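> What follows is each chain in one-letter form.
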Amino acid sequence: MTASSTKGAAKPASTRAKPANKAESAADWVDGRLGLYTLAKSNLRKIFPDHWSFMLGEICLYTFIIIILTGVYLTLFFNPSMGEVVYHGSYAPLDGIRMSEAYASTLRISFEVRGGLLIRQIHHWAAIVFVAAMLVHMMRVFFTGAFRKPREINWLFGFLLLFLGMFDGFMGYSLPDDLLSGTGVRFMEGAVLAVPLVGTYLQMFLYGGEFPGTDIVPRFFTIHVLLIPGIMLGLLVAHLILVFYHKHTQWAGPGKTEKNVVGMPLMPVYMAKAGGFFFLVFGIISACSAIATVNPIWAYGPYRPDQVSTDAQPDWYMGFSEGLIRIMPGWEIGLWGHTLNLGVFVPLMVFPLVLVAIAVYPFIESWVTGDKREHHILDRPRNAPVRTGLGAAWISLYLVLLIGGGNDLLATHLHLSLNDITYFVRVGFFVVPVITFFVTKRWCLGLQRRDKDKVLHGRETGVIKRLPHGEFVEVHAQLPAAKLHTYTAHEQPQPLELPAEFDENGVKRKVGVIAKTRAKLSQGFYGEGTQIPKPTAEEHHEITSGHGHH
Amino acid sequence: MSHDMSKDTLPESHDSHGTEVAAHGDPFADPGLPAHEPRRTDIDERAAQRAERQVSLLFILSMLSTVGFIASFVIFPIDKIVYIFPIGHVSALNFSLGLTLGVALFCIGAGAVHWARTLMSDHELPAERHAIEADDEVRADVIEQFKTGAAESGFGRRKMIRNTLIGSMALVPLSGVVLLRDLGPLPEDKLEHTGWDEATPAKPIQLINMNTNEPMKPEDITVGSLSFAKPEGLEEDAHDFQVQIAKDALMLVRIAPGDLKDKQSAELGFEGILAYSKICTHVGCPISLYEQQTHHALCPCHQSTFDLADGARVIFGPAGHPLPQLKITVDEKGFLVATGDFDEPVGPSYWERSR
Amino acid sequence: MKKLSARRRHPLAALVVLLFALAATGGLYAAFAPAEKAQADSSVQTLAIEEGKKLFAVGCSSCHGLNGEGSSDGPSLVGVGSAAVDFQVGTGRMPAQQPGAQVPKKKTIYSQPEIDQMAAFVASLGPGPVVPGKEQYTSTNPDDVAKGGELFRTNCAQCHNFAGQGGALSQGKYAPALDGVDAKHIYEAMQTGPQNMPSFPDGIMPEEQKRQIVAFVRHTTNDEPNPGGLTLGSLGPVTEGLFGWIFGLGSLIAIAIWVAAHTTKAKKS
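Chains as they are written, first to last, in the numbering used here: chain S, 1 to 550; chain Y, 1001 to 1355; chain L, 2001 to 2269.
Certain hints may be false.
List of simulated lysine-lysine pairs, DSBU-like, C-alpha gap at most 30 Å [as the list claims (entries may be wrong)]:
1) S:K372 - Y:K1147
2) S:K259 - S:K454
3) S:K259 - L:K2265
4) L:K2265 - S:K454
5) L:K2265 - S:K483
Per the computed footprint, the stretches of chain L lying under chain S, defined by three or more beta-carbons under 8 Å from a beta-carbon of chain S, are [stated by the list, open to error]:
6) 2065 to 2071
7) 2121 to 2128
8) 2172 to 2178
9) 2199 to 2212
Computed from the model, here is a short list of chain Y residues facing chain L with C-beta under 8 Å [claimed, not checked]:
10) R1039
11) V1113
12) T1118
13) T1200
14) I1221
15) G1272
16) S1288
17) Q1292
18) T1294
19) P1300
Hints were generated in silico from the structure; no laboratory data involved. In this text the structure is predicted, and so the values were computed from the model without any measurement. The beta carbon of each residue, even a glycine, is placed where N, CA and C say it ideally should be.
Model the full structure from these sequences, guided by the hints.
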């Protein structure tokens, strides 16, 4: 198991047993060339723990595969050209209308290629679910602390996949060159133009001239089908290799330690479960695509820069950036004959920051807490109230921005004023995350207290007993040892202390601002009011020896 | 302590049942893996056989569904519309293909998972984690190897090689950057001009109604109406129509004299008819949600709101400056014309924009 | 209203028109009414105006003034034309119930003959858009849908959405959804520009184009199938995102719970 023990085993076995059957001899053949047996030895019966939340990543993986499969099919029919044609295809309501070949070929896929509409819809629904699943998967990893050492790099890989997935989705949505996506591409032009100093150059180079030009769809096509998926595939493989290498995290429980992983073997249980899950995901996405329309480009009409439809929104994963743009006040500064368009540039800068904030969190937490150990046992979210509070605050910010991005639909469907929603979101951007943080933290502490009660006094059985002197009490049942262990398995770290003000020689130490900040933050993480002290064995003995009744 | 999983690491070794609490010692100590409890299918052969039949049934359903998929593909014409409650009038082909494909895939998955859950072993096994960090010996060995290699290369010693290598590696990507130059033209003053810029008082350009493709008369534009215009000569089938209309599009409204709040804007108009750029100054959406009673125009993309009676001043939303206004008048035939370009660039602002 | 339209095709249309005094609304009805009946026409018209005035005094004058001159509570109706009355009262927007950002569509409380009488009265206050005839808003050319779509995307979709599902305006105002709206009322709305909607007079959008737009709206909100399945309200990516999260990811997570859950044990401990 150690590095030295595997070293000696590398010698080829000349006295190999004869293969029992054809399959074995085929395996021998592969082994002789690829080292199959060594590879399979540690992986064939690899153990995966069972928990539904550990399968969120699989949803991402499988939707990604579905997207690639259907995407390849779509390229067989899609024509990524902005050359103009007059449409005379089978969709009568657009007969005689001028449109780009990209749009016309998407109409063809939808109305003239048998099954084309289905594959288009599977591709799009899978993309919507893909990014949603990545976000939920990331939240699972965040709230359970699964990003801690040794998994920080894998967290970053995952983050990059989310980031690239969002952009690839945006580009895919832009390809059909319909009225809705064209409006998104126009937005992008304005956003690029808002970049100080080089904005106009970037815009001209990106679009091959003035908006819209004829280059943007073919360029997006190459990026959408080749460049970004290629990078994502590489990251995905690296992500999975690391998952295998690190072995999966697990929840605390009887028999589960930092040194082991408890679950079912890859062969056969997880081959069947994970393999089966791929088909389940594909099946559900196919059924969604039979039942619900996604992106009816024929209804939007072809893109023209002087036309627009209300409800101009991007797909959901860009919704929070849409919210940022919509709530920003129209600040514009004139500087010595130049214009700084803060109304667009500020949201453009805050948008990646919102994402980067969550990406760098593992490094901030390990720096603040000074925790450099490996963690394979997951935290229950309640047992890390500050982290959980921060995560909840981030989600609330994200949701507030989504509300901002859909303010017009909220206004019409809830009979509110568009302007009021925007004002609310402007304030909410700052206030809601703060409130959410404190509420979540308190809630976690409440849950910790409840766990402590359960450990000390047992669980409520619902059985009411009448005591001899007439008092009614509910019988509490002592928790089984497994539960007692599970509820108390977490650590309760102490905050970092600043070194004593004077060293042993009585000389005043210089404590830098950074060290002070770090100590303060550490107090905030683990100091007073951030955890309910775990029940001790003494407390437990005292109460249980008193027959568990108070 | 073997790494691989074999029968002797089955949880029998952890025999604690987990319900009793040790009277002494740590009540919270790890009681070890709970003993395996059999499922019905483990102890009841009939239950196991039933599960087997269920799994096979799912696989058979999948086969039938695939046959259904192929049959649907052959049977339904692509334009056949059927009514399916409660979805509505849907394409028979899309609906049947999607459902049969969905069922075919779902049943394979459901069968496999049901098989795993009922018939495959559900013994939970522990596997030891390997140490990720190398031990000190390996670490020292690797560092030593690296040092040897580095010393043999002489990279640190021969500074000239090192520096020129760094220099060449730093320069070579520049070729790639230079190659990107022809992605597009330089901006120059392209963004400052629109299709109206050839208009002069001597040679004005007519405003052409987007709907009718005809020149417009002021009397057609009533108070409360909304119309859109493009410059004379710009035809839909022109090769650069999209680029031109992205800058030239006009929105025409007429505002009653008493409601006009901005004198300068009124002077650019003709008898209360004002011609504003239809392109939002925020990020360029065609802004045209015109509320004729309030004279507000709203952008559907980000809700920047402009008061068209007040020189298109921004009254709400993220736009940073008013919509540019085109000076209009009538020619000798009584048609609306522009006598010059907008006096500022249309559309979203950018760094080089001077006003 | 549909019944009325049907009756107009009846051989006795002229008589019905006379009875209901639709002729009061102007030139269009003159075409229906034979020239020799012009005399009778005008007297019936006068009668209709009289009736309309009475209805108006009861139902409308508190806001719009006894002679439609307007007040602080309602605009002047001089010159709005019969089409405006037919639209506002015919869609139930008028009489308004309570002040608000916008007067909503509601159940019509007047019968069509009563609406026609009020329209006649308001039309008599000053010239304005006239209630359109059926041939004005009924399309017979199948190409009209495509042409109307193009016009709709230029003139209407910015407020009413690509599929006529409506959209938000400032301060609680909104562009209403167009599904289920009568062809005549769509036409009248474009003619008259009710409330905050701008008007599209014939000079900038000829009759034929309005008819094409009506054809497109009726097609898109009524006849257009949804080949891909549920339209999710035809509201664009927002509802698609909700569907993807709730039904797509939601069902996948439910399945994941089933896949990962331990199978029930033979006997519970």
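> Check each numbered hint from earlier against the structure, then list the numbers of those it violates in ascending order.
6, 7, 9, 13 and 15
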